[in-house]
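For the protein sequence lines, the chains are A and B, in the order given. FYI, the numbering for the first sequence is 471 to 616, going by this note's numbering. FYI, the numbering for the second sequence is 471 to 616, going by this note's numbering.
A portion of the hints provided could be inaccurate.
Heads up, the list lumps identical chains together, so a pair's fine if it works in one copy or across two of them.
[What the hints assert, rightly or not] Using 27 Å as the maximum straight-line C-alpha spacing, the simulated DSS-like pairs for lysine-lysine come out as follows: (1) K489 - K576; (2) K576 - K590; (3) K483 - K595; (4) K509 - K576.
Hint data in this document are derived by calculation from the structure and do not stem from the laboratory. Since this is a predicted model, take the numbers as computed values, not measurements.
Given next are the chains, with one letter for each unit.
Number of protein chains: 2
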Amino acid sequence: MEMDEQMMREALKEAHTAKQEGEVPIGAVIACKGRIIAKGHNMTERLCDPTAHAEMIALTAATEALGGKYLQDCTIYVTVEPCPMCAAALAWAQIGTIVYGADDPKRGYTQFTPSLLHPKTEVRKGVNAEECSRIVTEFFASKRKA
Amino acid sequence: MEMDEQMMREALKEAHTAKQEGEVPIGAVIACKGRIIAKGHNMTERLCDPTAHAEMIALTAATEALGGKYLQDCTIYVTVEPCPMCAAALAWAQIGTIVYGADDPKRGYTQFTPSLLHPKTEVRKGVNAEECSRIVTEFFASKRKA
Numbered sequence: 471m472e473m474d475e476q477m478m479r480e481a482l483k484e485a486h487t488a489k490q491e492g493e494v495p496i497g498a499v500i501a502c503k504g505r506i507i508a509k510g511h512n513m514t515e516r517l518c519d520p521t522a523h524a525e526m527i528a529l530t531a532a533t534e535a536l537g538g539k540y541l542q543d544c545t546i547y548v549t550v551e552p553c554p555m556c557a558a559a560l561a562w563a564q565i566g567t568i569v570y571g572a573d574d575p576k577r578g579y580t581q582f583t584p585s586l587l588h589p590k591t592e593v594r595k596g597v598n599a600e601e602c603s604r605i606v607t608e609f610f611a612s613k614r615k616a
Numbered sequence: 471m472e473m474d475e476q477m478m479r480e481a482l483k484e485a486h487t488a489k490q491e492g493e494v495p496i497g498a499v500i501a502c503k504g505r506i507i508a509k510g511h512n513m514t515e516r517l518c519d520p521t522a523h524a525e526m527i528a529l530t531a532a533t534e535a536l537g538g539k540y541l542q543d544c545t546i547y548v549t550v551e552p553c554p555m556c557a558a559a560l561a562w563a564q565i566g567t568i569v570y571g572a573d574d575p576k577r578g579y580t581q582f583t584p585s586l587l588h589p590k591t592e593v594r595k596g597v598n599a600e601e602c603s604r605i606v607t608e609f610f611a612s613k614r615k616a
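Build the full structure now, drawing on both the sequences and the hints.
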């Protein structure tokens, strides 16, 4: 879907912002009826908070924007497969749809059973996957060299 | 351990505060070397944020208090078995020990495989379990009657 790629571009912009700030370059946006209502990127270093993942920041911003705890009509676009914490947080929010770019075979939520997601949440993946993956790989490669 | 029961009393006080505020009555404290450095109780309603669980609030407060992302030398005391989101958050923080009161056979983290916890985290459970469980059961019973 063209919309998925367009929104993933916005999530990638967030990932690039994270990179500039020395954070693991993962970004997310949350859209409701085609309009972005919240953005977030990894801020674990700056906030000294291991829970400050892109998805958590976007999720909290989205519920604040909508004034409600639930995001059934929303879609989160995130550059990398969510970790279990973020997946379970999105389940509590009953998010309508999750669209992610790159798989995370090491820490991704899909490795856990039973599913960590809300039963009604739809998932699409692989959107701009190569670019979403490359920015993270390059980040860690440059860290190892440093 | 006497310390566990004493600390769980403090977590229960947090749960009672949550109850007074109309929140699901779950509380948590985080201790480092026998001293409480952070407290939290469920605030999902007040903050309109489905991630505002007792453990998440205490965890963020603890990392802020210590000025670091990791809690290897800390113990979290929480009245109810953490959900997958909180368990995975505590894994990111590499928490030293988790002590919880009541089991949560419906939404607890122990139902998921592989383990959501950090491999070095120790777990003790069943501390003041009856009281930790009763406050939640009574809360939902009174909600259904209302």
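Hints, one by one, checked against the model:
| no. | hint | in the structure |
| --- | --- | --- |
| 1 | K489 - K576 | within (21 Å within a copy, 39 Å between copies) |
| 2 | K576 - K590 | both (25 Å within a copy, 18 Å between copies) |
| 3 | K483 - K595 | within (18 Å within a copy, 44 Å between copies) |
| 4 | K509 - K576 | within (25 Å within a copy, 32 Å between copies) |
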